[in-house]
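Following the hints, put chain E in place on chain A, whose structure we already have.
2 protein chains.
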Amino acid sequence: MLKIGLIGTNWLTKQFVAAIRTIDYYQLTALYSRKLTRAQEFGVEIEQELAYFDDLTAFLASDLDVIYIATPNSLHFQQVKSALEAGKHVIVEKPAFDNPQQMQTIQEVLQAHPGQYLFEAARHIHEPNFQAVTQAIAEFDHQDGAVLTYMKYSSKFDAFLKGDTPNIFTKEFAGGALQDLGVYLVYDAVSWFGVPEKVQYTPTLLRTGIDGRGTAVLTYPDFQVTLNTGKNVQSHLVSEIYSGKQTLTIDNAGEFNQVTLTKAPGVQPIVLSQQPDTNPMIHEAQAFGDIINNHDQARFERLNSLSINVNHVLYNLRRSAGIVFPADEDGRK
Amino acid sequence: MLKIGLIGTNWLTKQFVAAIRTIDYYQLTALYSRKLTRAQEFGVEIEQELAYFDDLTAFLASDLDVIYIATPNSLHFQQVKSALEAGKHVIVEKPAFDNPQQMQTIQEVLQAHPGQYLFEAARHIHEPNFQAVTQAIAEFDHQDGAVLTYMKYSSKFDAFLKGDTPNIFTKEFAGGALQDLGVYLVYDAVSWFGVPEKVQYTPTLLRTGIDGRGTAVLTYPDFQVTLNTGKNVQSHLVSEIYSGKQTLTIDNAGEFNQVTLTKAPGVQPIVLSQQPDTNPMIHEAQAFGDIINNHDQARFERLNSLSINVNHVLYNLRRSAGIVFPADEDGRK
Chain A
0 MLKIGLIGTN WLTKQFVAAI RTIDYYQLTA LYSRKLTRAQ EFGVEIEQEL
50 AYFDDLTAFL ASDLDVIYIA TPNSLHFQQV KSALEAGKHV IVEKPAFDNP
100 QQMQTIQEVL QAHPGQYLFE AARHIHEPNF QAVTQAIAEF DHQDGAVLTY
150 MKYSSKFDAF LKGDTPNIFT KEFAGGALQD LGVYLVYDAV SWFGVPEKVQ
200 YTPTLLRTGI DGRGTAVLTY PDFQVTLNTG KNVQSHLVSE IYSGKQTLTI
250 DNAGEFNQVT LTKAPGVQPI VLSQQPDTNP MIHEAQAFGD IINNHDQARF
300 ERLNSLSINV NHVLYNLRRS AGIVFPADED GRK
Chain E
0 MLKIGLIGTN WLTKQFVAAI RTIDYYQLTA LYSRKLTRAQ EFGVEIEQEL
50 AYFDDLTAFL ASDLDVIYIA TPNSLHFQQV KSALEAGKHV IVEKPAFDNP
100 QQMQTIQEVL QAHPGQYLFE AARHIHEPNF QAVTQAIAEF DHQDGAVLTY
150 MKYSSKFDAF LKGDTPNIFT KEFAGGALQD LGVYLVYDAV SWFGVPEKVQ
200 YTPTLLRTGI DGRGTAVLTY PDFQVTLNTG KNVQSHLVSE IYSGKQTLTI
250 DNAGEFNQVT LTKAPGVQPI VLSQQPDTNP MIHEAQAFGD IINNHDQARF
300 ERLNSLSINV NHVLYNLRRS AGIVFPADED GRK
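Line order of the protein sequences matches chains A and E.
Anchor point for the first sequence: position 6 equals 5 in numbering that gives the first Met the number 0, and the numbering is continuous, going up by one each time.
Anchor point for the second sequence: position 81 equals 80 in numbering that gives the first Met the number 0, and the numbering is continuous, going up by one each time.
Incorrect hints may have been included.
Copies of one chain are not kept apart here, so a pair can be met inside one copy or by any two copies together.
[To be verified] For lysine-lysine, the following DSSO-like pairs were computed, each having C-alpha atoms within a straight-line distance of at most 27 Å:
1. Lys80 <-> Lys161
2. Lys197 <-> Lys161
3. Lys197 <-> Lys262
4. Lys170 <-> Lys197
5. Lys262 <-> Lys13
6. Lys2 <-> Lys80
7. Lys155 <-> Lys13
8. Lys161 <-> Lys244
9. Lys197 <-> Lys80
10. Lys262 <-> Lys155
11. Lys170 <-> Lys155
12. Lys161 <-> Lys2
13. Lys34 <-> Lys244
14. Lys161 <-> Lys262
15. Lys155 <-> Lys244
16. Lys244 <-> Lys2
17. Lys155 <-> Lys80
It is worth saying that the hints were derived from the structure and are not from the lab.
In isolation and in its complexed conformation, chain A is listed as follows:
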């Protein structure tokens, strides 16, 4: 059993806890929060006996195999680094890091700790319906790109409009639509089509200087991929992947509930998807557990390489729009 400790106490952590409970690999052991009471309250919410820590060093020194991190983006780098250096495997929420400098540093730490794994929790790429899309794309005789959309009005945007500044809408916490929902779309594009030749992101900026919404265009040698992401508007658009007259449709490019293929205009679509699990994090938790238990270095390296590429594309998109995070400035020192 892998003893797992959690950093971050939010709805995502709860979903992750529910996911690992369905898998034999994991034993939920400890919880860290800067405020001990918060950690304890969270423990009560998930109704489990846990060791509670408000001291990160003590938490990382405890008897844990894996650390799951679901904190604001700008905190990931230091927390992942500390956890790896403490000899733990790490699962970190997407986007793992703010920029390629951070990613490079972490890669060096990984190299210094052979046999330890770091996973970016891009849950959707591990789901069967994502794999169905991947398979269908591979069967096209040529690619004509895609229009992928993930734009949902944030539950925190009303507060933002009233003058509050939730973390997700700040540069300080490396927020914005691209980082929060766009990362799903970038994972899609890089998984299916590889690293683009050129990228351009055009955002609508909010008063905090981050992107409330934006359109990214990824240019490949023979086609383009358009990404629509946003947290200040509500979109019901499906996503589409093209090959001439053939159109592959995903109900949502971050959630993958239904995938259909329309072979020609006017022809009845074929359903390629299966009923998704209620908890979309089960498949990633299973995949990470498999890799750790089987020491599957090759599978780890494929995921790690994808994570590095996504990090580069996300960064280049963000910088093409002139959005600079504090961590970028630090990196230049």
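Here is chain E on its own, set in the frame of chain A:
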């Protein structure tokens, strides 16, 4: 009755003929084609007694009030100019002209012929369902822009793939996705949101150097509008216009069959549209006839001003993608 003559013999002309037959204003009188037999065959197809011309000067000198032009885009400028100089009102298919230089020249011709009208046949903006969208947008307390899509696999694209070069896929005839279907979307955006501050078009270019597909981003002070257009892929995406949690949905941003408003996520959409006419050109034919018969200079000027703005935006989009038409080069001499 307005005696009307036709230049151009294609499916659009047939649809236009069917439209004007439903309106009392017009009397279809003559038909011009470079090949007389083609004109006569077309006359037979529309089952009407017409005067046939293969000499443009004689056609324009004949007893006509209005000329309708539906030829390849690159021919519009010279044909419109000749028709206006011959003292006729003109209805020309969209896009009217290849660039702002041509538009400027035509505006000078119009000024020299007071009382004569030129209409760009942007049929959709005259339809009741377009007006329903316009009205709903005006009722939003603020605008968050839109994602508008019109991408249909062209009936001529198979031939293009086999090595043929239909006019619509050439620079010589001022073709490409933006000019052919994108013009509907640009009309939408400029009608609803005005002239953008900045525009950027990223296309997938075909072997002839024109755009098979592309994404345009129009930047306004407080929001952005994204346009997806293409003739080499088949999209089933609806179009959306945003205001916070409210989403206005159009089944197709060039065809306007159904318009709905969703006031908040999860709420039942309200239908704002009516059943469209079978022939979508009836409303424009009616509008142009109204203006001519009533000498409605103010209404003409509003449409003319919109046409000038659309011409500028289309040109700036095309040039932002580095697509140069022969007429642009001529204009620099």
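- Message: Treating 27 Å as the Cα threshold, decide for Lys161 and Lys262: within, between, both or neither.
- Response: between (47 Å within a copy, 20 Å between copies)
- Message: With identical chains, the pair Lys262 and Lys13 could be close in the same copy or across copies; at 27 Å between alpha carbons, which is it: within, between, both, or neither?
- Response: neither (40 Å within a copy, 31 Å between copies)
- Message: Please sort Lys197 with Lys161 into within, between, both or neither, judging by C-alpha distance up to 27 Å.
- Response: Neither: 37 Å inside a copy, 29 Å across copies.
- Copy assignment of Lys155 with Lys80, given that the CA separation must stay at most 27 Å: neither (29 Å within a copy, 57 Å between copies)
- Message: As a check of your reading, is Lys155 near Lys244 (CA-CA no more than 27 Å) within one copy, between copies, both or neither?
- Response: between (40 Å within a copy, 12 Å between copies)
- Message: Cα distance capped at 27 Å. Does Lys244 pair with Lys2 within a copy, between copies, both, or neither?
- Response: neither (50 Å within a copy, 42 Å between copies)
- How would you classify Lys161 and Lys244 at a CA-CA limit of 27 Å: within, between, both, or neither? Cα proximity of Lys161 and Lys244: across copies only (15 Å, versus 46 Å in one copy).
- Given identical chains, is Lys170 near Lys155, meaning Cα to Cα at most 27 Å, within a copy, between copies, both, or neither? within (16 Å within a copy, 48 Å between copies)
- Query: Is it within, between, both, or neither for Lys155 and Lys13, if the alpha carbons may be no more than 27 Å apart?
  - Reply: within (19 Å within a copy, 54 Å between copies)
- Message: Reference check for the pair Lys170 and Lys197, CA-CA at most 27 Å: within, between, both, or neither?
- Response: both (24 Å within a copy, 25 Å between copies)
- Message: Checking an output row: Lys161 and Lys2, CA cutoff 27 Å. Within, between, both or neither?
- Response: Cα proximity of Lys161 and Lys2: none, with 42 Å in one copy and 61 Å across.
- Task: Up to 27 Å between alpha-carbons, please classify Lys2 paired with Lys80: within, between, both or neither.
- Result: within (19 Å within a copy, 80 Å between copies)
Checked against the numbered hints above, the structure violates hints 1, 2, 3, 5, 9, 12, 13, 16, 17; every other hint is satisfied.
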